[in-house]
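Quick note, the sequences are listed as chains A and B, same order. According to the numbering used here, the first sequence holds residues 1 to 324 in order. According to the numbering used here, the second sequence holds residues 1 to 165 in order.
Okay, derived cross-link-like pairs now, DSSO-like style, lysine-lysine, Cα gap no bigger than 27 angstroms in a straight line:
| # | chain 1 | residue 1 | chain 2 | residue 2 |
| --- | --- | --- | --- | --- |
| 1 | A | Lys218 | A | Lys297 |
| 2 | B | Lys92 | B | Lys6 |
| 3 | A | Lys223 | A | Lys297 |
| 4 | A | Lys41 | A | Lys113 |
| 5 | A | Lys113 | A | Lys218 |
| 6 | A | Lys41 | A | Lys223 |
| 7 | B | Lys65 | A | Lys218 |
| 8 | B | Lys65 | A | Lys223 |
| 9 | B | Lys65 | A | Lys113 |
| 10 | A | Lys172 | A | Lys73 |
| 11 | A | Lys297 | A | Lys41 |
| 12 | B | Lys65 | A | Lys297 |
Far from chain B, by Cβ distances over 12 angstroms, these chain A residues were calculated:
| # | residue |
| --- | --- |
| 13 | Gly62 |
| 14 | Leu279 |
| 15 | Val286 |
| 16 | Ala299 |
Here's a subset of chain B near chain A, in silico, CB distances under 7 angstroms, partners left out:
| # | residue |
| --- | --- |
| 17 | Leu31 |
| 18 | Thr34 |
| 19 | Gly42 |
| 20 | Ile43 |
| 21 | Ala55 |
| 22 | Leu58 |
| 23 | Leu66 |
| 24 | Ile149 |
Hints are computed from structural coordinates only; laboratory data are not their basis. Note that the Cβ used here is the ideal one computed from N, Cα and C, for glycine as well.
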Amino acid sequence: MESLNLAHAHLLLNHLPTIGFAIALFVYIGGFFTTSDSLRKAGLVLFFLVAVMAIPTYVTGGAAERTLCPEMKCPPDVSAQLIRNHEDLALLAFVLMETTGFFAWLALWQLRKSSQIAGWNWTVVLLFSIVSVGAMALAAGEGSEIRHPELLDAAEASLPVVGESEPTGIAKSIGAVVAGNTGIGWIWPAAETVHFIGLCMLFITVLVVDLRLLGMAKGLSFKSLYQLLPLGMLGFLLNFITGMLFFLAAPGQYVNNVEFHRKVVLIVLAGINVLYFMLVDETWAVGPDDEAPMRTKIAAVLAIFLWIGILYYGHMLPFLGNAF
Amino acid sequence: MIEFLKWLENTGFSTWIRESPSIFAFPTILLLHTVGMALCVGISAGINFRILGFAPGLRLSPMNKLFPILWLGFWMNAITGTMLVMQDATNKLTNLDFFIKMIFIALALVVLRRIRNRVLSNPQVDSTPLSSDARALAYLSLLFWIGAITCGRLLAYVSPLIEVT
Numbered sequence: 001m002e003s004l005n006l007a008h009a010h011l012l013l014n015h016l017p018t019i020g021f022a023i024a025l026f027v028y029i030g031g032f033f034t035t036s037d038s039l040r041k042a043g044l045v046l047f048f049l050v051a052v053m054a055i056p057t058y059v060t061g062g063a064a065e066r067t068l069c070p071e072m073k074c075p076p077d078v079s080a081q082l083i084r085n086h087e088d089l090a091l092l093a094f095v096l097m098e099t100t101g102f103f104a105w106l107a108l109w110q111l112r113k114s115s116q117i118a119g120w121n122w123t124v125v126l127l128f129s130i131v132s133v134g135a136m137a138l139a140a141g142e143g144s145e146i147r148h149p150e151l152l153d154a155a156e157a158s159l160p161v162v163g164e165s166e167p168t169g170i171a172k173s174i175g176a177v178v179a180g181n182t183g184i185g186w187i188w189p190a191a192e193t194v195h196f197i198g199l200c201m202l203f204i205t206v207l208v209v210d211l212r213l214l215g216m217a218k219g220l221s222f223k224s225l226y227q228l229l230p231l232g233m234l235g236f237l238l239n240f241i242t243g244m245l246f247f248l249a250a251p252g253q254y255v256n257n258v259e260f261h262r263k264v265v266l267i268v269l270a271g272i273n274v275l276y277f278m279l280v281d282e283t284w285a286v287g288p289d290d291e292a293p294m295r296t297k298i299a300a301v302l303a304i305f306l307w308i309g310i311l312y313y314g315h316m317l318p319f320l321g322n323a324f
Numbered sequence: 001m002i003e004f005l006k007w008l009e010n011t012g013f014s015t016w017i018r019e020s021p022s023i024f025a026f027p028t029i030l031l032l033h034t035v036g037m038a039l040c041v042g043i044s045a046g047i048n049f050r051i052l053g054f055a056p057g058l059r060l061s062p063m064n065k066l067f068p069i070l071w072l073g074f075w076m077n078a079i080t081g082t083m084l085v086m087q088d089a090t091n092k093l094t095n096l097d098f099f100i101k102m103i104f105i106a107l108a109l110v111v112l113r114r115i116r117n118r119v120l121s122n123p124q125v126d127s128t129p130l131s132s133d134a135r136a137l138a139y140l141s142l143l144f145w146i147g148a149i150t151c152g153r154l155l156a157y158v159s160p161l162i163e164v165t
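Between the sequences and the hints, there should be enough to build the whole structure, so can you do that?
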């Protein structure tokens, strides 16, 4: 297994967001023209799934860079400037994709609640997904040039391959601000605080919904518990944003940190678990004092373990891993 | 007083928490403190959001049944919090930030009791509109918990008032 490293993981994953989002967009627009609800829903599910998979794709990029350029020193045939350009475009595409994923989830949520997607949200998902596909294609193009210098066009090929000064990009600049290198010291601690508040919001939703599924607090109906879900998603969003700020500020603490890898894998699994709950109807049809079906109970237990696992590995970053 | 803090910090138990390489010492205690926070503040925040109008279909009275988990989280944090303060007593107990955190927690608990006794335990809670007092309590509760979490997080960054050598 030693020959398989995270750079390979990045190469394996990196086609998924580009192709996946293009397919999702195709299905979503197809659903609009054929006015097929199931096709539209399939498009939303694909947007959400690909947005989840984009997380490991983005974070393995840092490891790929460190494989190509050990100790941040690039060999003569690898352009550090190209890597920065790729990183910046990838960050832009990633932000747009995750935004699409969030609104796609919200649309799925609205579909069950009022059996239609709110008009504004339909447009939001459409616009964000189109811009995402564009940004992703640019990022992928720039990325492919890193290892395929023959694809470079003449203007880019004439750029000096090894620069004297360390090239910087948008991602690196944001990271420097968050890390406090520009003299603003409070951003990292503030982001940590928000990360903990987001954790509480996410955790309450997971616990109240899943413990009710397991039989606790009967009297709460599933139909009404369903209204609680956006609170958890909002908590996740806060934690995703602040988490990415940490990643940008100190990528070295995360890219080769095994605890972080485990955390990301669990986040992907938790995303699939969330999707399961978004798609099954039997859960949300259960009355206030009824038992939930067995399948749902198993998914609920998994959810609790997954989220506690995510909290555990996040917490152990500095203790078992090499962070801080 | 400083002598007492030094003694507290150097008891066998404190030293074990601080210096043991075991994953079950400091890392696990801090982990339990975070999980306890999620249970206690999380459930409290959920109830507050519901009072403020979020998820209006959710009935409030069954939420009383969630209190055992909330208290489990609270006592987990009271115990692990004491351990975490002990092992670094000369820094934590001389830090103004720590005492502000304790005040926030005390206020949050007072408000929580009021929410439980005046809002959730009211048999008509789900059949009559919620009073403006209930909403005020929910806002206060969120404010105090956010204050407590912020001060807690900042303990890692704010230096104590007196330097104990």
